[in-house]
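With the hints as extra help, turn the sequences into a complete structure.
Each residue of the sequence shown is one higher than the last, beginning at 114 in our numbering.
Quick caveat, the hints were computed from the structure, so don't treat them as lab data. There could be a bad hint or two in this list.
[Said to hold, decoys possible] No farther apart than 25 Å at their CA atoms in a straight line, the calculated lysine to any residue pairs in the SDA-like style are these: (1) Lys-154 x Gly-116; (2) Lys-154 x Val-129; (3) Lys-154 x Asp-125; (4) Lys-154 x Arg-165; (5) Lys-154 x Leu-123; (6) Lys-154 x Gly-115; (7) Lys-154 x Ile-119.
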Amino acid sequence: MGGQCIEAGLLDEVLVFSAPVLLGDGSHLFDRPDGTQVRLKPLAGESAHWYRIVR
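Printed below as a string of structure tokens:
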């Protein structure tokens with residue numbers, strides 16, 4: 114769902130939470146089958162887990 118919102122240009126910022134759970138080989142935050150990457154930039158003055166999506 115998050116990846117679809119990014120594709121549509123509907124998201125400007127992302128707040129990321131993680132839990133220490135074993136997920137096999139790992140899980141991509143935003144899986145993009147076309148191979149393009151989602152670039153995230155930390156927001157100044159916010160927590161270490163709040164990012165702006167770089168377009």
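Given the proposed pairing of Lys-154 with Leu-123, does the C-alpha separation stay at or below 25 Å?
-> holds (17 Å)
Is Lys-154 within 25 Å of Asp-125, Cα to Cα?
-> With a Cα-Cα distance of about 11 Å, the restraint between Lys-154 and Asp-125 holds, given a limit of 25 Å.
Can the restraint linking Lys-154 and Gly-116 be considered satisfied, given a maximum Cα separation of 25 Å?
-> holds (17 Å)
Below or equal to 25 Å on CA atoms is what counts here, so check Lys-154 against Gly-115.
-> Holds - the C-alpha atoms of Gly-115 and Lys-154 are around 17 Å apart, at most 25 Å.
Distance restraint between Lys-154 and Val-129, which requires alpha-carbon spacing of 25 Å or less | holds (12 Å)
Would you check the hint for Lys-154 and Arg-165, treating anything up to 25 Å between C-alpha atoms as holding?
-> Roughly 5 Å separates the two Cα atoms, so the pair holds.
Taken at face value, is the distance from the CA of Ile-119 to the CA of Lys-154 at most 25 Å?
-> Given that 25 Å is the threshold and the Cα spacing comes to 14 Å, the pair holds.
The earlier numbered hints are all upheld by this structure, with none contradicted.
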